[in-house]
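Whenever a hint applies, use it, and build me the whole structure from the sequences.
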Amino acid sequence: MALGARRGSSYLFLIPALLLYSAFVVYPLFTGLTYSFFSWKGTLRDGFAGVDNYAGLLSGTFLDQLLPALGHNFLLFAGTMLVQNTLGLAFAVALSRVRRGKRALQTMFALPYLVNPLVIGYLWTLLLSPTFGPVNSLLKPLGLAMPWLGDPQTALPTVIVITTWQWVGFPMLLFSAALSGIPPEYGEAARTDGAGSWQVFWRITLPLLKPAMATVTILSFIGSMGTFALVYALGGSNGAPAGATDVLGLLFYRTAFASGDVNALGTSSALAVFMFTFIFGSTLLLERVLRRKA
Amino acid sequence: MRALAVKILLWGYAAFSMAPLLVMVLSSLRPTSEIFDQPLGRPTGFGNYVKAWTDASFSTYVVNSAVVVVCAVLLGAGVSLLAAYPLGRREFRGRSMFAAYFISGMTLPAHLGVLPLFYLLESMGLVDSLTGLVLIYAAGSVPFNVFVLTAFFRQLPHELDEAAALDGAGPFATFWHVMLPLVRPALATVVVFQFVPIWNDFFYPLVLMRDESKLTLPVGLTHFFGQFQNDWGTLFAGLVMTTIPLVVLFVLATRQIVAGLTAGMNR
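Chains as they are written, first to last, in this note's numbering: chain A, 1 to 294; chain B, 1 to 267.
Honestly, the hints are just simulated from the structure, not real lab data.
There could be a bad hint or two in this list.
Footprint (simulated), chain A over chain B, 3 or more residues, beta carbon under 8 Å [stated by the list, open to error]:
# : segment
1 : 13 to 21
2 : 41 to 54
3 : 65 to 74
4 : 84 to 93
5 : 140 to 154
6 : 221 to 234
Pulled from the structure, derived: some chain A residues nowhere near chain B, Cβ distances all over 10 Å [as the list claims (entries may be wrong)]:
#  : residue
7  : 21
8  : 52
9  : 66
10 : 97
11 : 98
12 : 108
13 : 144
14 : 181
15 : 182
16 : 190
17 : 193
18 : 198
19 : 219
20 : 244
21 : 260
22 : 290
These numbers were taken from a predicted model, which means no experiment stands behind them.
Glycine residues also receive a C-beta, built at the ideal position from the N, C-alpha and C atoms.
Okay, here's the thing in structure tokens:
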């Protein structure tokens, strides 16, 4: 009997997965797209609205929420790149020179990212509490005790520090893997030509890490744009204090489920489509720019 | 000198990395009054865990989460396994189209379909039900599962199907008796990889669940933090209980995770 003689049975195997995936993933996504082109009265479709819902995103009151939220997502991304990914790279380079305890160190650096972001958020809320938190009681002798998450000035930088603490192991592991793929002869050859270790790092190691950096950048971008559970735990659905930690994910949640607007469905669907187009488009763009030569 | 400085830096950061988790575990073993008195100190007992488990309905949350995760992972892995078999091993019209249809789901932002999903479940009477959550998670796991399992099926030796066919086995018998035992390692990978995001998911239950008795851990945790605001010992115990299953899973499954990753990458 030839392979695949009873071809029809192949389709039978596909049916359960097709049904499940089409009904609960594909159908909602595409329906969501169509929702954004109608105006809504609660859950009743009111009429074709063209791009009115999209225009609504740019109207005064909504834009006043959208722009700061988007700005905070970008600041998170910038902070992640500057703090988390730079540290991750530094740790990877440092670890490549360590012989004993390397695995133990890597495990300890990476452990926080096993923990649910919601748990991380609540944990740090307690640790940073101005009254009973251990962080402030340690900082008090230094005169640095303050409501880190309660002050609009320091709230977002604090979120960046917490994100870094949770995720630094991830760029570290990626960079470590990339570093171990660089033949040691490259550095040795440069050194015999009289290059110092900084020169070796800047001129040889760093350029060879470009593909890994592209990967880390793109994943950090997607992560920063999609952040939700951590900021929800730290500042609630309004991005407390005073909206200082508001981000796109929270704004979408509020618009869809807590705005009380009759057209909530239209506006939030338009916002969802905007977010998807924006994040997906930017990711493609980043991909092109960062991988140009690689 | 420099090597020593690097070492101090690395171990110093490792301490910073671990300290919050240590404080979490230690504080969960101390009464709240002692934590307020002295933020860091020696553990004394498991009272907080008893309280979180009984007074704060953690028992309900944990059981709900466990039921949802187990059912969703099994359903998702089951349907994906069935689909991956013909996609990876059999010739039929539209095969590459079907594969692309499934796998493209890995890039789709599933959260953005949440409103239509809400109304779909409402029309099925599945809002505020654990079954609804199971269906969502199982469906969401299909793209990744199909991707990994198809790759795995593809690299099994071809002689297997031929031998089975010579023995007169039809496609279902071949699948059940020949293929299923062989894909167990890939199945383990898929199960481990889906467990974590489903256990941690906060968004869908936040939107879909209202009934306190049906909450899973993440949303339960938000209620718990509202109720027990000033009872820090119990709060810490709740955080630890939410985290422990994942740590246990990772300790038990490190080998599957590594094996699965490399299997998915190299083929």
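Original post:
Within the assertion that chain A covers the segment 41 to 54 of chain B, do at least three residues meet a Cβ-to-Cβ distance smaller than 8 Å?
Top reply: Three-residue rule not met by the segment 41 to 54 of chain B, so violated; n is 0.
Subject >> Interface exclusion of residue 193/A relative to chain B, criterion Cβ beyond 10 Å >> reply: The assertion about residue 193/A holds, with a minimum of 22 Å to chain B.
Subject >> Cβ separation check - residue 182/A to all of chain B, threshold 10 Å >> reply: holds (19 Å)
Original post:
Does the no-contact call for residue 52/A survive, Cβ to all of chain B over 10 Å?
Top reply: holds (17 Å)
**OP:** Taking the shortest Cβ-to-Cβ distance between residue 244/A and chain B, state whether it exceeds 10 Å.
**Re:** holds (20 Å)
**OP:** May I ask you to check that residue 66/A keeps its beta-carbon over 10 Å from the closest beta-carbon of chain B?
**Re:** Given a closest Cβ separation of 16 Å, the condition holds.
Original post:
Counting residues of the segment 140 to 154 of chain B whose CB is closer than 8 Å to a CB in chain A, do you get three or more?
Top reply: holds (count 4)
Original post:
Can we confirm that no CB of chain B comes within 10 Å of the CB of residue 181/A?
Top reply: holds (14 Å)
Subject >> Assertion that residue 21/A lies outside the chain B interface [Cβ separation over 10 Å] >> reply: Per Cβ check, residue 21/A is inside 10 Å of chain B; nearest 4 Å; violated.
Original post:
Are all C-beta atoms of chain B more than 10 Å from that of residue 144/A?
Top reply: holds (16 Å)
**OP:** Quick one: work out the minimum CB distance from residue 108/A to chain B and report holds if it exceeds 10 Å, violated otherwise.
**Re:** At about 4 Å from chain B, residue 108/A fails to clear the 10 Å cut-off, so the statement is violated.
**OP:** Examine each Cβ of chain B, and state whether all of them lie more than 10 Å from the Cβ of residue 290/A.
**Re:** Consistent with the label, residue 290/A stays out of reach of chain B, its closest Cβ about 18 Å off (over 10 Å).
Going through the hint list in order, the structure does not satisfy hints 2, 3, 7, 10, 11, 12.
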